[in-house]
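S.K.: So the protein sequences, as listed, match chains B and W. Residue numbering for the first sequence follows the working numbering, beginning at 1 and increasing consecutively. Residue numbering for the second sequence follows the working numbering, beginning at 1 and increasing consecutively.
Hints in this document: simulated from the structure, not taken from any laboratory. No residue lacks a Cβ here, since even glycine has one placed at the ideal position from N, Cα and C. Worth double-checking, as some hints may not be accurate.
[What the hints assert, rightly or not] Covered stretches of chain W (chain B as the covering partner; in silico rule of three or more C-beta atoms under 8 angstroms from a C-beta of chain B):
#	segment
1	83–90
2	99–106
3	149–161
[Stated by the list, open to error] Label pairs and their calculated CB-CB ranges:
#	chain 1	residue 1	chain 2	residue 2	range
4	B	I397	W	I298	50 to 58 angstroms
5	W	Q139	B	A348	52 to 60 angstroms
6	B	D399	W	Q48	34 to 42 angstroms
7	W	A72	B	R263	48 to 56 angstroms
8	W	A140	B	I397	26 to 34 angstroms
9	W	P142	B	I397	21 to 29 angstroms
10	W	Q48	B	Q450	47 to 55 angstroms
11	W	Q139	B	Q499	17 to 25 angstroms
12	W	R170	B	D399	58 to 66 angstroms
13	B	Q455	W	P142	22 to 30 angstroms
14	B	D467	W	P142	52 to 60 angstroms
15	B	L92	W	A72	50 to 58 angstroms
16	B	E190	W	Q48	22 to 30 angstroms
[As the list claims (entries may be wrong)] Anything over 12 angstroms on all C-beta distances counts as not near chain W; from chain B, calculated:
#	residue
17	K121
18	K133
19	A291
20	G298
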Amino acid sequence: MPTRLPLKPLARLLTALGSTLLTFSAAHALDGKPAVDRNTLVVALSSEPGNLDPQVAASIDSAKFAWNVFDTLYGFDLQGNLEPRLATAYKLATDGRSYTFTLRRGVKFHNGAAFTAQDVKYSLDRILLPETKSTRRPFFVNSVEGIDVPDEHTVVIRLKKRDGAFLNKVAGYLYIVPKAYTESLKTPEEFALKPVGTGPYRFVSHQIGRSLELARFDDFWGNKPGVVKIQYRFIPEASSRVNAVLAGEVDLSADIVPTDVERLQGSKGLVVESVPGGSPVYVRIYSNDPATPFSKQGVRLALNYALDKEALIRSVFRGQAAPLASHIPASYPWGSNKSLKPFEYDPAKARKLLADAGYPQGFDTSLLCTTPTFERAFCEALAAYWGQVGVRTQIRIVDSTASNRLNNTHQSGPLFLSHFGNAIYEPIHVIGGSIAKDGTWSDYDNPAVQKLIEQVEGEGDHAKREDLFNQILKLARDDGQGVLIAEPKLNYVRDPALQWKPQIGGWSLNFRSVSWK
Amino acid sequence: MLNYLLKRLAQSAFTVFLVIALIFTVVRAIGDPTHLMLPPEATEADRQVLREQMGLDKPLPVQFAHFVAQLARGDFGNSYRFSRPAFEVVLNALWPTLLLALAALAVAIVIGLPLGVASALWPQGWVDQVGKVFAVFGQAAPPFFFSLLFVKVFSLQWGWFPTGGYGGARHLVLPMMALGWYAAAGISRLTRSSMSSVLQSEYVKFARIKGVPQHVIVFRHALKNALLPVITFVSLQFGILMGGAVSVEVVFAWPGMGQLILDSINNLDYTVVQAAVTLAAVTFALVNLGVDVLYALIDPRIRYA
Numbered sequence: 001m002p003t004r005l006p007l008k009p010l011a012r013l014l015t016a017l018g019s020t021l022l023t024f025s026a027a028h029a030l031d032g033k034p035a036v037d038r039n040t041l042v043v044a045l046s047s048e049p050g051n052l053d054p055q056v057a058a059s060i061d062s063a064k065f066a067w068n069v070f071d072t073l074y075g076f077d078l079q080g081n082l083e084p085r086l087a088t089a090y091k092l093a094t095d096g097r098s099y100t101f102t103l104r105r106g107v108k109f110h111n112g113a114a115f116t117a118q119d120v121k122y123s124l125d126r127i128l129l130p131e132t133k134s135t136r137r138p139f140f141v142n143s144v145e146g147i148d149v150p151d152e153h154t155v156v157i158r159l160k161k162r163d164g165a166f167l168n169k170v171a172g173y174l175y176i177v178p179k180a181y182t183e184s185l186k187t188p189e190e191f192a193l194k195p196v197g198t199g200p201y202r203f204v205s206h207q208i209g210r211s212l213e214l215a216r217f218d219d220f221w222g223n224k225p226g227v228v229k230i231q232y233r234f235i236p237e238a239s240s241r242v243n244a245v246l247a248g249e250v251d252l253s254a255d256i257v258p259t260d261v262e263r264l265q266g267s268k269g270l271v272v273e274s275v276p277g278g279s280p281v282y283v284r285i286y287s288n289d290p291a292t293p294f295s296k297q298g299v300r301l302a303l304n305y306a307l308d309k310e311a312l313i314r315s316v317f318r319g320q321a322a323p324l325a326s327h328i329p330a331s332y333p334w335g336s337n338k339s340l341k342p343f344e345y346d347p348a349k350a351r352k353l354l355a356d357a358g359y360p361q362g363f364d365t366s367l368l369c370t371t372p373t374f375e376r377a378f379c380e381a382l383a384a385y386w387g388q389v390g391v392r393t394q395i396r397i398v399d400s401t402a403s404n405r406l407n408n409t410h411q412s413g414p415l416f417l418s419h420f421g422n423a424i425y426e427p428i429h430v431i432g433g434s435i436a437k438d439g440t441w442s443d444y445d446n447p448a449v450q451k452l453i454e455q456v457e458g459e460g461d462h463a464k465r466e467d468l469f470n471q472i473l474k475l476a477r478d479d480g481q482g483v484l485i486a487e488p489k490l491n492y493v494r495d496p497a498l499q500w501k502p503q504i505g506g507w508s509l510n511f512r513s514v515s516w517k
Numbered sequence: 001m002l003n004y005l006l007k008r009l010a011q012s013a014f015t016v017f018l019v020i021a022l023i024f025t026v027v028r029a030i031g032d033p034t035h036l037m038l039p040p041e042a043t044e045a046d047r048q049v050l051r052e053q054m055g056l057d058k059p060l061p062v063q064f065a066h067f068v069a070q071l072a073r074g075d076f077g078n079s080y081r082f083s084r085p086a087f088e089v090v091l092n093a094l095w096p097t098l099l100l101a102l103a104a105l106a107v108a109i110v111i112g113l114p115l116g117v118a119s120a121l122w123p124q125g126w127v128d129q130v131g132k133v134f135a136v137f138g139q140a141a142p143p144f145f146f147s148l149l150f151v152k153v154f155s156l157q158w159g160w161f162p163t164g165g166y167g168g169a170r171h172l173v174l175p176m177m178a179l180g181w182y183a184a185a186g187i188s189r190l191t192r193s194s195m196s197s198v199l200q201s202e203y204v205k206f207a208r209i210k211g212v213p214q215h216v217i218v219f220r221h222a223l224k225n226a227l228l229p230v231i232t233f234v235s236l237q238f239g240i241l242m243g244g245a246v247s248v249e250v251v252f253a254w255p256g257m258g259q260l261i262l263d264s265i266n267n268l269d270y271t272v273v274q275a276a277v278t279l280a281a282v283t284f285a286l287v288n289l290g291v292d293v294l295y296a297l298i299d300p301r302i303r304y305a
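Okay, chain W solo, but in the shape it has when bound:
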């Protein structure tokens, strides 16, 4: 088991290293930040002076070695756009994005799950019909469409919520609903189909024959089994919501990762791009590692393979 763990750990470290090397090269290939920072009056000599100060004058391998050495000390360098450590800038944007994704997921579960269960219990009933329309809308229209719609109705028309910005719970409501609708649609449809197949299974029929009350059948016997695919789906949705938050972040001026990475690429603020991508790579590597280890614990065939 230890061997397996070490092997997987080495693999993950290598993957992260590759991603870091790739992004390091790509950011530098996009453009030279001194062209954005300095006025057109700047001579090539002026640009070279700034490049030296930013460490951009050295050959790429030397820059990369320096970057890796810095990284080993947990230092991503300074963002020139904010004049602060790049990692601090990224962390500052990470929480709003996490908060939005978690809140949207909570909305999706709270709406999608009961809707799916009710649709399965009374197929072709009015809940099922409304649920269908709800799901079609949620899956067909992109989150930014709902963002704009919600702002028009709930902010401009009725004045219930602010049109955007980051602050208290009131600022969270509209973006989380706009983003959550999409996931809720998927959850409700999956729950419905999973639930209705379970409700037609032999053991549920048997429970009915036995005279078990309906609510016990639904909540104790059927739902538990029907939830398994839904849980897998929800865990996948979280990643999608983190990524899909970009358009919602833009509409609501939400200071999250998507907005930050977009701006940083446009401004060639490469330390921030590097820090953000590295953080994402490490997170994904760790999650994958965790899942693999979990599988190995459950299934001995994997760890001895």
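Only chain B is shown next, with the shape it has when bound in the complex:
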């Protein structure tokens, strides 16, 4: 700094500011004090569940809200296992094509109306009706034949063909809405402004971009949660969410990024919860074109052996990820082949595989990367590892909207860095989309795998399905179907006095048993 007198106090002030910037203040952190009071929970989200109609909205944002306001016939527990909600039991017909649900009695909607079988039928019919513009429609329209209501407490859903994943689809997507109320609305859009369900919380208010408020529903059929009011706040910027936590303005924040986890773990008065995210990060390989090197198994395996996954996880994910051994991460409640090991880092083997496949000098290719889903540095690291074994990879960057379209229409090849989630804890959801011959995200055709997939789709028995999934995952892994990289964690920060556990392998927030200590 110059030595002119007037600048000295300023320099001192700046030094003081600088030192405050480098230290975290614990003075206003959570520390067991609720942001508002012990009846209220304030939750920070990175993005807003804009559309509050659970049958219309897409799953990531909506599940953070809808899981608490609505019920499904069966639901998911924290690990992703099915548990009864509005149904108390189900029976699968011997031909595997019809499900008979026995419904819970004495359930009320938030508007006081009694829940009956008619509401279930209406809810499914509403999803199938094009005018509803339901994003859940594709899950049911191609499989459901019809729904019958033999009495007020029983529904029978008939399927066009066997669907081993049907119960999970019902749990993930068939949110129950009240027939009489919804029919009384002038347009389908109106439901989103005043949603009514049977869940433990009822909708109070939604101000776009500001807040969403819920209140405990006193006539809820199950055990009531310990918190009376829930306020969601929307804070898009990652460091601003952390600041809101440190200032004690929110009791819980979702979507904490790995770099912030590192910083927060040292802070007192708060608890960082990290759970497996259930969403594999892998490279989709377009292997169907025999003219490209990727049609050769050796090349695909070489791409796997060339990556030092441990190093990538340390640097890119700041340790907040687990190495991936198959398309179904080990955190799934079932159906991930636990005997599979991640490919080890072996560049010499990768070079040999390439040479044996007819590419001793390597070859040129390109990798499509999506921002802001992935940092450019991550893609560059992948290209650098592959470059070391001779696969000279050029990186192409696109934004997420464009990448979505390209990836859904088989135009993201030959290599695409992919990250997709799971909403229903059902392996076929992932395998059907990214390994099966006709999958939206698959350019892979392996007759042996395809035969097993066809078997599993018609199989209703849990143990047999799990065995089939294990075989499929092993075949796909050993064939180098994709480049398996990592399963990132989902991170949350909460007040130590708040009793709440995050959902494993899913983005949804479940406040059904939340309470203050």
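With chain B fixed as given, assemble chain W onto it according to the hints.
M.R.: Structure of chain W alone, referenced to chain B:
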């Protein structure tokens, strides 16, 4: 004059129409929202069903004609992300942005003007030195830097203000200071140079010789003349602040237009993008029209040209 007015009005309407047509086409060129809305399990047939419901299956000119007809009734269509009229969604975000820009401008004037005047009165004095540093900081560092700095110091360290969100006056203080600093820097430097040149002018010297007291010279004679370029600058700053608010909005989770347009583009919520851009186009067209008419009133050469 009437002829001129009608001509300018027609020109403005044409400009707005062009902007609307452009944004309409561009939003649709970015991507197909059904790819974002529907799961990967969706077949092309499933996507087509949704496209039909959203009116996206028709040829572009037909869609555009429909959109213009809707617009004539003041209807921008529904935002699929919020399931509400798109115009309502945009208006909901317009006020926070206006409020923030106006508050920042007020801060800029209240700080920048006196600082500039004082710097001009005592050049190389301590006020001038501090003002220089203040201005260099304000112009060199982007508003989001101040946003982060202020949050660390005033929210986390001292706990005086909330770290973000929209609510009462306490929520406004930090974002308005962070955004206002930038404009204050410009205003103070411009006021200083404008003021010091006026202070050296002949008529001020004459006033001094005449024995007019210093405060009368400064406030009645000099400042009035020195303010003219500053006023032009301030009116330009307002537009810049409206646009520059985006980064501050993001840091403070301020529910304004910038955040909304960003999210809407990412979600391909095209009705909202259309409504927001149309609103901006109409506003700018009206302001330009107003200025042109004002010029014409003052200068007859323009209206008869």
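S.K.: Each hint should be assessed against the structure and marked as holding or not.
M.R.: A quick look at each hint next to the structure:
For a cut-off of 8 angstroms, the count of residues in the segment 83–90 of chain W with a CB near a CB of chain B stands at 3, and the three-residue condition holds. Against chain B, the segment 99–106 of chain W contributes 0 residues with a C-beta closer than 8 angstroms to a partner C-beta. That does not satisfy the three-residue criterion, and the hint is violated. For the segment 149–161 of chain W, the proposed coverage by chain B is satisfied: 8 residues have a C-beta within less than 8 angstroms of a C-beta in that chain, meeting the threshold of three. Evaluation of the 50 to 58 angstroms hint for I397/B and I298/W yields a pass: the beta carbon distance comes to about 52 angstroms.
For the hinted restraint 52 to 60 angstroms between Q139/W and A348/B, the CB-CB distance of approximately 56 angstroms keeps it satisfied. Checked against the hint of 34 to 42 angstroms, the C-beta distance between D399/B and Q48/W comes to roughly 25 angstroms, which is inconsistent with it. Taking 48 to 56 angstroms as the suggested C-beta distance range, the pair A72/W and R263/B conforms, at roughly 54 angstroms. Hint check: A140/W to I397/B, Cβ distance near 29 angstroms, so the stated range 26 to 34 angstroms holds.
At about 24 angstroms, the CB distance of P142/W to I397/B agrees with the hint of 21 to 29 angstroms. Distance hint check: the CB atoms of Q48/W and Q450/B are about 27 angstroms apart, inconsistent with the given range 47 to 55 angstroms. Between Q139/W and Q499/B the C-beta distance comes to about 50 angstroms, which lies outside the given range of 17 to 25 angstroms. Judged by the Cβ atoms, the range 58 to 66 angstroms given for R170/W and D399/B is violated: they are separated by roughly 36 angstroms.
Evaluation of the 22 to 30 angstroms hint for Q455/B and P142/W yields a failure: the beta carbon distance comes to about 59 angstroms. Range check, D467/B to P142/W: about 58 angstroms between beta-carbon atoms, so the 52 to 60 angstroms window is met. In this structure the hint that L92/B and A72/W lie 50 to 58 angstroms apart at CB holds, the actual value being about 56 angstroms. In this structure the supplied range 22 to 30 angstroms holds for E190/B paired with Q48/W, their Cβ-Cβ distance being about 26 angstroms.
No beta-carbon of chain W comes within 12 angstroms of the beta-carbon of K121/B; the shortest separation is about 21 angstroms. With a closest Cβ-Cβ approach of about 5 angstroms to chain W, K133/B is found to fall inside the 12 angstroms limit, against its non-interface label. Under the 12 angstroms C-beta cut-off, the non-interface status given to A291/B relative to chain W holds; the minimum distance is some 26 angstroms. With a least CB separation of 29 angstroms from chain W, G298/B remains clear of the 12 angstroms interface cut-off, as annotated.
Consistency note: the structure conflicts with the earlier hints numbered 2, 6, 10, 11, 12, 13 and 18.
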